[in-house]
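Protein chains in written order, with the numbering used here: chain A, 1 to 587; chain B, 1 to 232.
No lab work stands behind these hints, which were simulated from the structure alone. Hints may be right or wrong, so weigh each one.
Said to hold, decoys possible - Chain B is nowhere near these chain A residues, computed Cβ spacing over 10 Å in every case:
1) Val126
2) Thr167
3) Gly236
4) Asn343
5) Asn355
6) Ala368
Claimed, not checked - Partial list, derived from the structure: chain A residues whose beta carbon lies under 8 Å from chain B:
7) Tyr416
8) Thr542
9) Pro555
10) Ser587
Claimed, not checked - Stretches of chain B that chain A covers, calculated by requiring three or more beta carbons in the stretch to come under 8 Å of a beta carbon on chain A:
11) 134-143
12) 150-157
13) 165-174
14) 182-192
From the three backbone atoms N, C-alpha and C, an ideal C-beta is built for every residue, glycine too.
Here is what each chain is made of, one letter per residue.
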Amino acid sequence: MADRLNYYSGQRVTEAELDLGFALLENADRNLATDIGLFGIFTGMIATEHAPLADLTIDLTAPGRAYDQLGRRIFYGSAQNVDVSTDENGLATEVSAAGNEKLLSVFIRFVRLESDPRTDRASQQVFFRQDESFEFVVRQGGEAPIGTATPPPLQSDEILIVDITRTFGQTQIANADLSPNPVVPGDVGRRQAFVLTSADGIGVNPASFSVLAPAAPNAQSTFDEIDDELADHFGGLARRHTASAIDAAATAGTPNALAGTTVRAQLDELLAHGNDHENETTGAHAGSAIAFPGGTSWLGGRANPAADITAQLDKIVTDLAAQVADDDGAERIGAAAVFGAPNSLPVGSVRAQLNALLGFINTFPAQAHLWTAIQSFTGPNNDTDPRWETLRAPSSGRQLVFELGPPSGIRHRLYYSVPLARFECTVNARWTGTDWERDDTASTAARYVFERDRFDIQQIASTVAQPFGDSLWLAGPSSKVVTVFLPNLAFGEFIQLGRELIISGPLVGYAAGQAYILANANLGGGASFTSGTLPSTPSSVTFNVITQFGTDNSPSAFAPSVNGMGWFDSTDDLNKVKYMFLEFTAS
Amino acid sequence: MPIRELTATDLIQTCAYCAGTHTIPLMHGCSKGKRGPYASLVGQTLEIAVDGNTAQAVEFAAPHFSDPANPRVHEVVDRINAVLVGATADADQHAPRICSHTTGVDTTSIQVAGAARELLGFYNRRYGARCLGVTKGSGPQAMTDVNIIDLPHCPECGAKECLVRTFDVTPSAYAASAHVAHRKCVNALAEYLKEHGYSDADSVAVHQHERDTPREIDLTFPGSAITLVPFT
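All chains, please: the whole structure from these sequences, using the hints.
What follows is the structure, given as structure tokens:
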């Protein structure tokens with residue numbers, strides 16, 4: 001409502017009073033606007049670079065509507081063009097120094113456009129029409145280095161449309177020089193757009209909020225709180241969704257699908273699949289599902305083209321297992337050179353080195369070798385395999401198996417003879433193939449003969465001329481022989497050589513006795529065993545009476561010992577010469 | 001070795017000179033002849049004194065043999081057993097053998113005489129049981145060895161074996177020899193005879209006071225028979 005004037009009957013109304021009536025109504029209109037906070041640009045007045053060719057003017061969109069701080073309406077209906085090369089005072093707005101800038105501000109303000117001039121009673125010209133209108137005001141700030149210039153201050157009765165940055169030598173105002181930039185969405189700059197009311201003037205009731213906790217119970221604080229929450233959420237600082245709170249649609253796939261309905265569930269499924277895959281309990285990649293891009297060819301030239309892993313692994317096994325001549329697995333494996341003496345292995349393939357080694361081995365038996373290190377043989381207990389064996393079985397003569405000793409002088413030899421069924425160890429005796437020779441002619445020669453039935457120790461005197469025949473070992477005035485001839489022993493006999501010959505088998509002896517003996521007296525005697533001693537007292541003595549006279553012809557052993565025994569026999573009842581010749585065997 | 005096998009009743013002997021084999025009872029008087037042929041036996045008489053009693057005459061006639069010119073040993077044995085009382089004849093290794101039914105050191109014996117004795121290979125000796133200890137001579141000239149067991153003469157070759165109880169110990173190198181095995185067997189027999197009273201009359205006193213026993217002895221006897229591997 002407006003202040004009222006109560007024109008009354010008979011009143012002579014003056015110009016001033018009529019003007020006052022309009023003024024009061026106009027004030028009421030403007031008060032309404034200011035009371036509800038109406039000011040700023042409502043529509044239009046968007047500043048852009050001049051089209052079609054930018055210059056030092058700017059274009060403003062139409063229609064333009066605004067209210068100034070006093071509630072006055074500002075309006076124009078067609079597009080406007082504003083020259084910003086000079087300011088409101090006609091001063092150039094150009095920048096005088098390179099590296100500097102200057103900020104301009106374009107305002108619009110309310111003015112009255114007077115028209116319809118008339119002449120009043122006092123002969124003064126007045127304008128009967130005083131329409132609402134506008135005008136643009138260009139203000140400039142101080143010049144300053146780029147980035148440091150400040151814009152002109154806002155005005156109490158003018159509405160700021162746009163700020164403009166001018167630079168040194170500038171001849172055109174481009175959109176990029178405008179603030180707000182019309183082609184940048186959301187750019188508002190300092191433009192005084194219409195604001196119905198500030199958000200901090202709108203109340204809210206936080207008690208009903210479940211998440212937000214605004215600093216004050218108004219819309220601005222609530223928006224700030226929302227903005228903070230969203231900033232945390234979008235920035236990942238806080239208020240992030242838990243995965244179980246995010247829906248996820250089931251996803252088909254082979255071999256695995258995602259059946260969970262939340263991100264959490266599907267992540268768990270993916271983790272399980274991943275773990276299974278890495279642990280390879282299940283879900284490992286089939287080799288056929290992993291590509292092999294192809295690789296270097298084998299040594300020897302066999303190619304390795306692109307394939308999958310399974311195929312390539314199969315190919316590697318096949319290639320390495322190949323047993324084809326000149327294209328086997330060993331052909332494909334490299335081997336470094338190995339230097340040695342007397343043989344070395346050149347760099348090449350395993351096949352090449354195996355071939356070289358085989359050549360060395362094959363020629364080894366036919367080569368003479370000088371072993372400078374101790375050669376040892378070993379094996380398990382009760383091993384029945386020989387550690388050293390000679391397979392030659394010469395059908396005639398004898399084979400020299402071993403020869404020990406210094407290069408010159410007396411040597412020791414082991415001979416083996418199939419025809420003689422024996423082996424012989426000689427000292428200082430060498431078989432020439434037909435005869436024997438001594439290594440040292442001044443020394444005796446010895447031969448130890450081992451046969452199935454006998455063992456001989458034989459020696460030839462140093463005086464025997466050489467070569468000498470094989471028979472000379474056994475017969476001749478210059479030979480010595482010790483023989484153990486086993487056929488002379490009985491099975492079960494055990495003979496031990498020492499200071500005396502101890503034989504476990506039967507020993508024999510011979511005894512005789514003769515005397516002039518009274519009736520019923522005994523004839524007796526004693527004798528030693530002729531062929532050795534027993535290991536202990538005999539448990540059996542058997543007599544064989546060769547001849548006797550006057551005895552009972554029934555001798556019995558008395559006090560036998562390991563060396564012999566006594567014997568007695570009773571005689572007849574006559575006083576006469578009586579005798580007995582007997583032999584015995586004891587065991 | 002001379003003893004081939006020993007049981008609680010017999011020993012089987014192999015003669016060291018002729019290798020003849022004889023089964024000799026331990027506690028019975030026994031005399032053994034030799035293997036045939038027994039030509040000219042028909043018409044001859046064998047006189048057998050059992051346990052020192054009057055000799056029993058066994059006459060051999062042609063009807064007693066399937067081939068009178070060549071009597072067989074089992075026919076000889078059958079003929080003896082048809083007459084003999086107090087003893088029994090059998091064939092041992094194809095030779096006739098006569099064993100008394102009685103036992104005892106002095107009570108059991110067999111002594112054979114008669115014209116058929118030499119034809120059948122019996123010795124004209126009185127053979128009693130085996131006993132430990134032997135005495136030669138009598139009176140002041142008597143000689144006794146308490147460790148000897150006389151065996152009967154070999155009817156094939158006349159050799160006579162004496163078994164010897166031994167107390168020394170054979171060196172361990174010979175522990176597995178036949179020599180030691182025979183010693184263990186003989187010692188087992190000697191102790192067995194002594195325990196059962198089969199000692200020579202002049203050895204009884206010594207045996208009764210003995211405190212020592214052979215250390216090489218087969219303790220399985222007489223519970224088990226002893227079989228020895230003979231020298232070949």
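Next on the checklist: Output the indices of the hints that this structure fails to meet, ascending.
Outcome noted: 7
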